[in-house]
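Visitor: Listed below, chain by chain, are the residues.
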Amino acid sequence: MTTPSIADTYFSIPELMRVARGSYKRAVDIQLAAGGLEDLPTGSGYLLAYLVSDEGSIAEKIDGLGIKQREFRQLIDTLVLRGYITRETDPANGAVSLALTERGRAASEATAAGVSFVDQELERRLSEAEMAGLRRGLAALGEIKQSLAGPVLRRGLPQ
Amino acid sequence: MADRPWYEDAPVPQLMREARDVYRHAVASALAGVGCDDVPRNGAFILADLDQGGSDPRFSSQAEVVTSLGLSKQAASQLIDTLVLREYLERRNDPVDRRRMEVRLTDRGRTAAIAIRMAIDGVEAKLGQLISPDELHGLRAGLAAYRTIRERWDA
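Read top to bottom, the protein sequences are chains X and A.
Take the first sequence: its letters are residues 0 to 158, numbered as in numbering that gives the first Met the number 0.
Take the second sequence: its letters are residues 0 to 154, numbered as in numbering that gives the first Met the number 0.
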């Protein structure tokens with residue numbers, strides 16, 4: 000295990016966060032490309048994960064994703080058109096249900112593999128104490144962000 | 000036994016996602032407070048980088064200022080253009096090598112840079128109240144590790 004020397008020196012936390020935040024996306028993009036799934040829209044991974052866990056109503060999914068209803072509908076339209084999910088409307092009550100296709104399941108697995116790769120690399124490079132500090136620090140930054148915007152809301156994204 | 004803190008079981012990407020805009024929100028609010036709400040995305044990094052704290056800022060190489068942002072040449076050039084047009088930066092030819100450009104903060108740029116610095120200091124003061132020095136080291140080490148992981152792909 001090695002601690003990167005830049006950790007406590009030159010870079011400010013906003014600079015470190017700016018560079019860090021694309022790490023998962025890059026890893027996921029590599030996995031998606033390997034599976035011929037490059038047309039998965041950015042930000043769909045969380046929605047696919049919700050559909051794998053099959054928990055919560057559509058309203059809860061929109062809330063969990065932190066996007067507007069109009070953006071959610073556009074995302075769903077794109078995912079349906081590209082064959083990642085199906086959308087059914089119950090004729091009796093108009094309720095909409097969403098489900099993963101085989102392609103959607105493959106994209107969800109590729110997304111999980113990309114995330115897992117980065118997490119494993121992270122655990123290989125950090126001590127347990129540093130990993131705990133990273134989690135605590137990010138959680139604290141999330142709390143500060145929510146205190147700037149209003150009441151603290153913790154989204155229960157699927158595990 | 001006390002419950003485990005919620006963040007110990009949360010996926011790290013979720014924690015990253017929830018934390019990632021904290022500085023942007025704080026900086027945007029501070030900039031709006033001083034009438035500088037038209038700073039473009041990533042512009043705050045440039046203004047903060049050029050901020051030397053003095054009232055007569057020196058010129059810096061435009062190429063060096065944008066290098067750390069990792070933007071394409073075109074995107075970096077557009078960003079500088081916007082900051083010049085909106086009167087945050089002054090630009091001139093390097094008097095030694097006239098093919099190169101130099102930039103420095105204007106008065107408006109200095110006002111914005113001070114607001115940015117105060118916003119970042121405010122977040123970090125709150126962070127210092129919420130986490131221990133060891134946890135802060137872990138946060139920095141973790142974020143630096145992401146950077147190292149990304150560099151493998153960017154190489």
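Any given hint could turn out to be false.
[Stated by the list, open to error] Below, a list of computed lysine-lysine pairs in the DSS-like style, where the Cα atoms sit at most 30 Å apart:
(1) K72/A <-> K67/X
(2) K24/X <-> K72/A
(3) K144/X <-> K67/X
(4) K24/X <-> K67/X
(5) K125/A <-> K24/X
(6) K24/X <-> K144/X
[What the hints assert, rightly or not] Quick list of simulated restraints, FRET-style, between CB atoms:
(7) R97/A <-> G34/X: 50 to 56 Å
(8) Q145/X <-> D8/A: 17 to 23 Å
(9) S76/A <-> G34/X: 51 to 57 Å
(10) T66/A <-> T41/X: 24 to 30 Å
(11) D118/X <-> D80/A: 27 to 33 Å
(12) D120/A <-> E108/X: 39 to 45 Å
(13) K24/X <-> N92/A: 36 to 42 Å
(14) P90/X <-> D120/A: 56 to 62 Å
(15) G127/A <-> T41/X: 31 to 37 Å
(16) R90/A <-> R69/X: 46 to 52 Å
(17) R57/A <-> G82/X: 53 to 59 Å
(18) S28/A <-> Q68/X: 23 to 29 Å
(19) N92/A <-> R123/X: 20 to 26 Å
(20) G34/X <-> Q128/A: 22 to 28 Å
Worth flagging that the hints you see were computed from the coordinates, not collected in a lab.
Just so you know, even glycine gets a beta-carbon here, dropped at the ideal spot from N, CA and C.
Visitor: What are the numbers of the hints the structure violates, in ascending order?
Guide: 1, 9, 11, 16, 19 and 20
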